[in-house]
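Colleague: Each chain, written out:
There are 2 protein chains.
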Amino acid sequence: MGIGKSILGLAGWLMATFAAAWIGSRYRPGAWYALLAKPSWNPPNSVFGPVWTVLYVLMAVAAWLVWRKAGFSGAGPALIVFVIQLVLNVMWSYLFFGLHRPDAAFVDIVALWMAILVVMILFWRVDWVAGGLMAPYAVWVAFASYLNFMLWRLNRGLLPG
Amino acid sequence: MGIGKSILGLAGWLMATFAAAWIGSRYRPGAWYALLAKPSWNPPNSVFGPVWTVLYVLMAVAAWLVWRKAGFSGAGPALIVFVIQLVLNVMWSYLFFGLHRPDAAFVDIVALWMAILVVMILFWRVDWVAGGLMAPYAVWVAFASYLNFMLWRLNRGLLPG
Chain A
984 MGIGKSILGL
994 AGWLMATFAA
1004 AWIGSRYRPG
1014 AWYALLAKPS
1024 WNPPNSVFGP
1034 VWTVLYVLMA
1044 VAAWLVWRKA
1054 GFSGAGPALI
1064 VFVIQLVLNV
1074 MWSYLFFGLH
1084 RPDAAFVDIV
1094 ALWMAILVVM
1104 ILFWRVDWVA
1114 GGLMAPYAVW
1124 VAFASYLNFM
1134 LWRLNRGLLP
1144 G
Chain B
984 MGIGKSILGL
994 AGWLMATFAA
1004 AWIGSRYRPG
1014 AWYALLAKPS
1024 WNPPNSVFGP
1034 VWTVLYVLMA
1044 VAAWLVWRKA
1054 GFSGAGPALI
1064 VFVIQLVLNV
1074 MWSYLFFGLH
1084 RPDAAFVDIV
1094 ALWMAILVVM
1104 ILFWRVDWVA
1114 GGLMAPYAVW
1124 VAFASYLNFM
1134 LWRLNRGLLP
1144 G
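Protein chains in written order, with my numbering: chain A, 984 to 1144; chain B, 984 to 1144.
In short, the hints are calculated from the structure, not lab data.
Keep in mind that the hints are not guaranteed to be accurate.
You can't tell identical chains apart in this list, so a pair holds if it fits in one copy or across any two.
Claimed, not checked - Heads up, simulated SDA-like pairs for lysine to any residue below, C-alpha to C-alpha not over 25 Å straight-line:
#1 Lys1052 with Val1109
#2 Lys1021 with Thr1036
#3 Lys988 with Gly1032
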């Protein structure tokens, strides 16, 4: 692959990932989130932005490495599951911050976590660096799933439905 | 694998699949759905139950064939993506019939369709019969996605948000 196509590919994966980040960021913690009971170890709001920025860059680079090495023909399922996890990621923001449904969001984030594990395994087989770049994301989403679960349990009375 | 374990496995996959079907079936077309403008080729409500019953059986048998042949160790990613597509399937019913959000449901069903394609490809590599058993499901969900899209476009004024 020429360096031009390679760089264009990196830009493409970064754009795909940050498009998902941008859509998700339209659903933000507001008054509703501020009023939720939170566990003592709940990180301050300011932590999430920088963490997610790093994770989005890492996952874009991981997808780019796999795409560059194996292409869609060689790593089609892995790259499609990568796109699916982006959709699940956006849908989490929509369900949690948009619809105020920590219960449905928890179901979503568990599916997201499983999708990330699949991507990590399939990427690892193509390029171990790419698999490794997904690891911080998997760890963070495991933590976020637990946080989501606690916010659901601690606020059952406040939720619709 | 002994025949006892094999039959137990089939029962397990059928139970997993029908558990998803059962949760999804709690969100049903009601007065809201009846009032939606529909395309002329919208199937009557009575079609969906039998079609989905067949598709749930086919997908359970497909997962069972793959599990029997390769196990979780040999086909882990494929079987995890199978579970992810079950979650996306249930979430569709929740978003569409539960929350009356054809827009969010459309995003979900496109991700579902992609997940089914990945499962079909990964199952095919283990056992072509298993891959083939997923094909009617992929075709139906492609049709359902188009139907979902039309219901969204035809009823934009009626929707919340």
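Colleague: Now look at each hint and say whether the structure bears it out.
Modeller: For each hint, the structure was consulted:
1. Lys1052 with Val1109: Answer is both: 7 Å inside a copy and 24 Å across each meet the 25 Å cutoff.
2. Lys1021 with Thr1036: Within one copy only: 23 Å inside a chain, 42 Å across chains, cut-off 25 Å.
3. Lys988 with Gly1032: neither (30 Å within a copy, 48 Å between copies)
The earlier numbered hint that this structure contradicts is number 3, and it is the only one.
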